[in-house]
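Taking the hints into account, I'd like the entire structure generated from these sequences.
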Amino acid sequence: MEIDREDGRTPNQLRPLACSRNILHRPHGSASWSQGDTKVLAAVYGPKAGTKKNENAEKACFEVIWKPKTGQIGKVEKEYEMIMKRTIQSICVLTVNPNTTTSVIIQVVHDDGSLLPCAINAACAALVDAGIPMKHLAVAICCCLADNGYVVLDPNKLEEKKMSAFAYLVFPNTTLSVLPEGSSVADGEPVEHGIITSVTHGVMSVDDYFLCVENGCAAAASLSAFFRKNFQQSQRDSSKAG
Amino acid sequence: MEGRFANLWRLTVNESKFVESALQSELRVDGRGLYDYRKLTIKFGKEYGSSEVQLGQTHVMGFVTAQLVQPYKDRPNEGSFSIFTEYSPMADPSFEPGHPGESAVELGRIIDRALRESRAVDTESLCVLAGKLVWSVRIDLHILDNGGNLVDAANIAALAALMTYRRPDCTVGGESSQEVIIHPPEEREPLPLIIHHLPIAFTFGFFNKGSILVMDPTYVEEAVMCGRMTVTVNANGDICAIQKPGEEGVNQSVVLHCLRLASSRAAATTKIIREAVEAYNRERSSQKVKRHHTLAKSEVSGPIVVVRKRQQQKKSSGQEKAAEIHFWLWLWWLIVTFWR
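So the sequence lines, in the order shown, correspond to chains U and Y. Heads up: the first sequence begins at 1 in the UniProt record's numbering, then just goes up one per residue. Heads up: the second sequence begins at 1 in the UniProt record's numbering, then just goes up one per residue.
Don't take every hint at face value.
[Unchecked claim] Residues on chain U that point at chain Y, a partial pick, calculated with CB under 7 Å: (1) Asn12; (2) Gln13; (3) Arg15; (4) Asp37; (5) Ala43; (6) Tyr45; (7) Lys67; (8) Pro68; (9) Gln89; (10) Ser90; (11) Val93; (12) Leu94; (13) Ile105; (14) His110; (15) Ala218.
The set of hints was computed from the structure by calculation and includes no laboratory data. Being a predicted model, the structure only gives us computed values, none of them experimental. Ideal Cβ placement from N, Cα and C applies to all residues, glycine included.
Now the structure itself:
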């Protein structure tokens, strides 16, 4: 029994993805990421001297500033800032530039569902554009649970409101192995399938949560492929130009 | 925070001397003429009332929203509008997050004064119930990239967003005709705001004690210049606002020269804005026509995720086992009945 989604997608189909980097001139790295109609702009200012008072001065520090489209900054925005800061701290190499602060600024351009995952993806692309050393990328996806137990990926705003529960999941990106056998996932699990961040809304059973995680993991693979293709293409374009 | 001071961008003495001496020979660092503007592009977003303006390297976004509020006591028949400027830390490493600094407030005030005092936006048409409910329009300006001359870019972003904004239609009804029903956009077409004219801001930079005049300064030139002036004019030749915040004094003849330059450019810029808005409106209405023909299912082609079939195999093996059990039970029943 399949679910009928309003825009004609299957439950496992993501919205069209678009990513462009180096769009702003003053920031050291910038990227815009859009999933369907949700669009987020991210900018990174590279390591600046000094850390804040409560931060560990032996490691690099990150600060995230979330700018909503309209209105005052409230608790929701502060929560997003905190989640993103912890996520970015876990993917970046903190020992390379100790006692520095890197700022990541997120500007919401349009919110049509799945906003936090979109922002995390944009921040990753901007960090790559700025050249901040990272262990791997963070690939974020929103999985929601419909009433009949089916998992639906990448909902838009209307679908998010109707669903009984949804989870924002962030995975490390999948590795591409040189050997053709290594990259297949037919038997055994892929090496990195840990969850970096998980934020849930609503009530769901444990089995449903694990089902979401499985679907999210598979989605992370296709998102990682998109990231890779996008970065390689822009590298080829810049090498042609330069 | 002491660490922050180490990060303020400062212009070196060499750079500032270079800019000044180039201007003495009427040359600008990016090769423009003294009164040339950088390339202006106006784009619009998905929603009504969202605009994105790029003036060279300067990047500004404008969003317009409206809500119903009680009117001011001294103006019961008029709606209101307010401008909020956000100097995002994205735009410049020296912009601090938190509440806006002086230049953000000044920028907001210049644009606000030009729109309000010149009555560019018609506020009487925003009245729904006199004395009780009026529309309050809120304009949010986000500065994304500070390449210099934020006032002009932000002004155009505000105007473009206002021109493409549509407010929901509402009717006064109910038993005592005091209830206001707001119609969602699917029911009734939202209405545009009435804008009488477009006040456009032009910023001038003064160098060398006011003797050299430059239009549309970049952020490098802004760090070097000794004075500035912003003139807001419209295409009809009216001066809506002039802002000269102190600094180096300039001669009256220079001020008049600036006014003449600004009014000669106003018509061209107004035309660019109107053309961009018209192109957007045409695209929007052609999209609506398409919606009526199809069954509201757009062709969304995103990546399809392939989930491994482990779970499904588990389910099918379970079903197979159940089928097997059923088979043996049936066989046993058959044997038992035929034995009798």
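Quiz item: When the nearest CB of chain Y is found for Gln13(U), is that gap smaller than 7 Å?
Solution: Nearest chain Y Cβ about 5 Å off; hint holds.
Quiz item: Given Gln89(U) was flagged as interface, is its beta-carbon under 7 Å from a beta-carbon of chain Y?
Solution: violated, 18 Å
Quiz item: Minimum Cβ distance from Ala218(U) to chain Y below 7 Å?
Solution: holds, 4 Å
Quiz prompt | Arg15(U) as an interface hint toward chain Y, with CB separation required under 7 Å | solution = holds, 5 Å
Quiz item: Does Pro68(U) meet its interface restraint, that is, does its C-beta lie within less than 7 Å of any C-beta in chain Y?
Solution: Hint on Pro68(U): violated, closest Cβ of chain Y at ~9 Å, above 7 Å.
Quiz prompt | Minimum beta-carbon distance criterion (7 Å), Val93(U) to chain Y | solution = Violated. Min distance 21 Å.
Quiz item: At a threshold of 7 Å, is the proposed contact between Lys67(U) and chain Y supported by beta-carbon distances?
Solution: holds, 6 Å
Quiz item: Quick one, is the Tyr45(U) hint okay against chain Y at 7 Å, beta carbons?
Solution: Holds - the Cβ of Tyr45(U) comes within 7 Å of chain Y, reaching about 5 Å at its closest.
Quiz item: Does the nearest C-beta of chain Y fall within a distance shorter than 7 Å of the C-beta of Ser90(U)?
Solution: The hint is violated - Ser90(U) has no Cβ within 7 Å of chain Y, the shortest such distance being about 23 Å.
Quiz prompt | Given hint Ile105(U) near chain Y, where the shortest CB pair must fall under 7 Å | solution = holds, 4 Å
Quiz prompt | His110(U) as chain Y interface residue, shortest Cβ-Cβ below 7 Å | solution = holds, 6 Å
Exercise. May I ask you to test the interface hint for Asp37(U) with respect to chain Y, counting a Cβ-Cβ separation under 7 Å as satisfied?
Key: holds, 5 Å
This entry does not satisfy hints 8, 9, 10, 11 and 12, going by the numbered hints stated previously.
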